[in-house]
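Peer 1: Protein sequence lines, in the order shown, are assigned to chains U and Y.
Taking my numbering, the leading residue of the first sequence gets 1, the next gets one more, and so forth.
Taking my numbering, the leading residue of the second sequence gets 422, the next gets one more, and so forth.
Mixed in with the good hints there might be a few duds.
[What the hints assert, rightly or not] Label-pair ranges, simulated between beta-carbon atoms:
1) Y:828 to U:25: 36 to 44 angstroms
2) U:342 to Y:741: 35 to 43 angstroms
3) Y:496 to U:53: 18 to 26 angstroms
4) Y:741 to U:385: 32 to 40 angstroms
5) Y:604 to U:250: 48 to 56 angstroms
6) Y:604 to U:291: 50 to 58 angstroms
7) Y:552 to U:53: 49 to 57 angstroms
8) Y:614 to U:194: 23 to 31 angstroms
9) Y:604 to U:175: 56 to 64 angstroms
10) U:385 to Y:614: 52 to 60 angstroms
11) Y:706 to U:421: 13 to 21 angstroms
If you're looking for bench data, these hints aren't it; they were derived computationally from the structure.
All C-beta atoms, glycine included, are put in the ideal place defined by N, C-alpha and C.
Number of protein chains: 2
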Amino acid sequence: MTERTKGAVLIADGLADRPVSALDGRTPLEVADTPALDSIAAGGECGQMDPIGPGIRAGSDTSHLAILGYDPFKVYTGRGPFEALGIGMQVQQGDICFRCNFASLEGDLQLSSDGAFSGARIVDRRAQRISEGTHDLAAAVDGMTIEDVTCYVKESVEHRAALVMRGPGLGARVSDVDPHEADSPPHAAAGADDPSQKTARVLNEFVLRSWQALKDHPVNQQRIADGKLPANIVTPRGGGVAPDLEPFAQRFGIPGACVVETGLIAGIGRYLGMTVPEVPGATGGADTDELALAKAIVEMLHSHDFVLCNLKSPDLGGHDSDPQAKVLAAQQFDNLVRHVIEQAPADIHLAITADHATPIEFGDHTGDTVPIAVRGPAVRPDGVRTFTERAVVGGALVRIRGFDIMPILTNLMGVQDKFGA
Amino acid sequence: MTERTKGAVLIADGLADRPVSALDGRTPLEVADTPALDSIAAGGECGQMDPIGPGIRAGSDTSHLAILGYDPFKVYTGRGPFEALGIGMQVQQGDICFRCNFASLEGDLQLSSDGAFSGARIVDRRAQRISEGTHDLAAAVDGMTIEDVTCYVKESVEHRAALVMRGPGLGARVSDVDPHEADSPPHAAAGADDPSQKTARVLNEFVLRSWQALKDHPVNQQRIADGKLPANIVTPRGGGVAPDLEPFAQRFGIPGACVVETGLIAGIGRYLGMTVPEVPGATGGADTDELALAKAIVEMLHSHDFVLCNLKSPDLGGHDSDPQAKVLAAQQFDNLVRHVIEQAPADIHLAITADHATPIEFGDHTGDTVPIAVRGPAVRPDGVRTFTERAVVGGALVRIRGFDIMPILTNLMGVQDKFGA
Chain U
1 MTERTKGAVL
11 IADGLADRPV
21 SALDGRTPLE
31 VADTPALDSI
41 AAGGECGQMD
51 PIGPGIRAGS
61 DTSHLAILGY
71 DPFKVYTGRG
81 PFEALGIGMQ
91 VQQGDICFRC
101 NFASLEGDLQ
111 LSSDGAFSGA
121 RIVDRRAQRI
131 SEGTHDLAAA
141 VDGMTIEDVT
151 CYVKESVEHR
161 AALVMRGPGL
171 GARVSDVDPH
181 EADSPPHAAA
191 GADDPSQKTA
201 RVLNEFVLRS
211 WQALKDHPVN
221 QQRIADGKLP
231 ANIVTPRGGG
241 VAPDLEPFAQ
251 RFGIPGACVV
261 ETGLIAGIGR
271 YLGMTVPEVP
281 GATGGADTDE
291 LALAKAIVEM
301 LHSHDFVLCN
311 LKSPDLGGHD
321 SDPQAKVLAA
331 QQFDNLVRHV
341 IEQAPADIHL
351 AITADHATPI
361 EFGDHTGDTV
371 PIAVRGPAVR
381 PDGVRTFTER
391 AVVGGALVRI
401 RGFDIMPILT
411 NLMGVQDKFG
421 A
Chain Y
422 MTERTKGAVL
432 IADGLADRPV
442 SALDGRTPLE
452 VADTPALDSI
462 AAGGECGQMD
472 PIGPGIRAGS
482 DTSHLAILGY
492 DPFKVYTGRG
502 PFEALGIGMQ
512 VQQGDICFRC
522 NFASLEGDLQ
532 LSSDGAFSGA
542 RIVDRRAQRI
552 SEGTHDLAAA
562 VDGMTIEDVT
572 CYVKESVEHR
582 AALVMRGPGL
592 GARVSDVDPH
602 EADSPPHAAA
612 GADDPSQKTA
622 RVLNEFVLRS
632 WQALKDHPVN
642 QQRIADGKLP
652 ANIVTPRGGG
662 VAPDLEPFAQ
672 RFGIPGACVV
682 ETGLIAGIGR
692 YLGMTVPEVP
702 GATGGADTDE
712 LALAKAIVEM
722 LHSHDFVLCN
732 LKSPDLGGHD
742 SDPQAKVLAA
752 QQFDNLVRHV
762 IEQAPADIHL
772 AITADHATPI
782 EFGDHTGDTV
792 PIAVRGPAVR
802 PDGVRTFTER
812 AVVGGALVRI
822 RGFDIMPILT
832 NLMGVQDKFG
842 A
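Isolated chain U (complex conformation) (with noise of 0.2 angstroms):
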């Protein structure tokens, strides 16, 4: 009796779709031969979920911390704590964290001492989208100290870039740099109480720092000789405190990890305490070795209760608007899927789902349900006998929530605490 069992949730990113003309109206997931997703659909519980809420348009930042039982509606501040776990930064809770642009400043920037900037605008927010050099420049502004505040910097793709502040007594509540517009000054921080009028001192010191580091680099120097505009200082935006959550393990209880492929995802389950293996052969492309995610799935499940995984490839075919790319990724997913029934404990409680949909015609993330199916030996299998995003209609799970996907699997694993007597 009341006998535990291992769980894990295979996230196909971006599998959902919807008709689509080129595949004479089906998705496809609906073209695509898949019987082990059908299997498991077969011989489980089906239904759609909302990776939100009905409607809502899901980051796969905001998916995977509903998915992984966070409220994104609590816990979701800002995108910049997230943007910087993504590139691989170490983020800590407590930190405010920004998203920055490399930006083109002309003129002689100044601060004056009641924190205004003049003398100088910026004339291109993205310094023409700037693709090289990138990482000389953030290294070249990393890891000051102004007061008793460390300010990290790491480069993102293009002209971007993240910003974490590490000290004691800073707020969130800071207004942005980046002005959103060019032929503008540098907009100085304004902080809406007094921790965040500290982030704010700080922050402004931090640009004009920048520009100071930044203006004579020999990054700079080459592209002014190219006929470039210099990428000569940093605009944060978007601050966000990164927020207070609670160890996954502590949570729920049973030791997890994250087998995945993408920065942001990993860098969420590493925020959350969770084991993120480094997975080779995973290129998070189409030409990602799903076998050696499979791999990686059950070697932690040896020493884990829980994994997560998340495929990459699934959504960028529908960024791509590729439908035959889409079709492969999902037989991709199935393959990985095939390798965890086979290799896995008998008696592990598999959910498959998608993080969000991502329609070949749409060409970016929307809010439709993702299908979703649960197999196990306590649940009660449905009627559904395939895996699509049409055919689950009718199954037991009916409609739930991201959210609700952790409640529900450690129920079936056995290792739930009850609410109450």
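Based on these hints, arrange chain Y on the given structure of chain U.
Peer 2: Chain Y in isolation, oriented as in the chain U frame:
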């Protein structure tokens, strides 16, 4: 137009189940012969219900609170008050209630003026699971007054008891006296705010006096003579304040009654100001007289608009992992429901459901959905013909929560105020 009808919710405790190997993969409800339940399904609306929320393992207390229209996430602030209600103690709003153990103490207990215990240690937290004499031990410490606070104590099963503190200016944010490990002195309670510090002060004095009253008690003299450890101290834990709950009649505008077999649910009913009749023949066991319960329901419906009934026996079959006992209990519930259909007003709105699943192969409550069916003149019958966990999938009620029952029923009964104009 706008005629009012009566309503009832008939609950088979723990009835829902999972596929049972010994029943060829069917559930007890799928095996049982239940023509009355099926007639309600066939003539009404059906669906699945999450007693609390998807996947959440409900206790009988949290589940019944939800079904009676009180959100357990808001009102369930600790088990203490519901434990005390469950063993038949009188609990009033604002009382501070604790779960307690009778424990075995060795040494000469001292309580310093700054509130710390010394000189003795607890050698068995459960006094060897004492099974006799606790009524007399509880009586010896019941009713003492400390400062302006009265302490009521009553024994529960084995070494367990409950303590209710009643008096002005008490808070519930107090730490446990029970050290939760052997070979430790009792932990002196500490309060997190001024009212809770008063509670802690009274509590520590109560614990000291419990030792003084019990150490030479005849029950313990006999235990020592028999070579057993004495049950010579009361160790409280899990303090909670009895919540401020709007009476049922005030919340829904109609008088209600609870025809139930267990002390816990009777206590909740009384706490909400509902009528809770004594039902001769209702034993709470497999030998209960289900027709006596049915007659009490019909009787209560003469003077009350709403009746909740709980038949306990299906839950016992689940906890005992006895499929045949649970099949028989399902048929007992069917017999109860049949009598209510025959004897209650013809236009009554009747809901049948369970408060949670207690699967045979798990042996305890789980967070699976439970089936629900509602019959009456105002419903729109759907295509479901039988009342089982799987047959109700696809019914018109789809998937609701326990908290939704009272709005659904009072709507059908025509007794609900309009929200808006």
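Peer 1: Now, for every hint given, state plainly whether the structure supports it.
Peer 2: Hints versus structure:
Restraint check, residue 828 of chain Y to residue 25 of chain U: a C-beta distance of roughly 40 angstroms satisfies the suggested window 36 to 44 angstroms. Between residue 342 of chain U and residue 741 of chain Y the beta carbons are some 37 angstroms apart, a value that agrees with the proposed interval 35 to 43 angstroms. Between residue 496 of chain Y and residue 53 of chain U the beta carbons are some 25 angstroms apart, a value that agrees with the proposed interval 18 to 26 angstroms. Checked against the given bound of 32 to 40 angstroms, the beta carbons of residue 741 of chain Y and residue 385 of chain U, roughly 36 angstroms apart, stay inside it.
Distance hint check: the CB atoms of residue 604 of chain Y and residue 250 of chain U are about 27 angstroms apart, inconsistent with the given range 48 to 56 angstroms. In this structure the supplied range 50 to 58 angstroms holds for residue 604 of chain Y paired with residue 291 of chain U, their Cβ-Cβ distance being about 53 angstroms. A C-beta distance of roughly 51 angstroms is found between residue 552 of chain Y and residue 53 of chain U, which places it inside the suggested range of 49 to 57 angstroms. Between residue 614 of chain Y and residue 194 of chain U the CB atoms are about 26 angstroms apart, so this pair conforms to the stated range of 23 to 31 angstroms.
With their beta carbons about 58 angstroms apart, residue 604 of chain Y and residue 175 of chain U fall inside the hinted range of 56 to 64 angstroms. Our hint of 52 to 60 angstroms for residue 385 of chain U and residue 614 of chain Y holds, since their Cβ atoms are close to 58 angstroms apart. Between residue 706 of chain Y and residue 421 of chain U the C-beta distance comes to about 19 angstroms, which sits within the given range of 13 to 21 angstroms.
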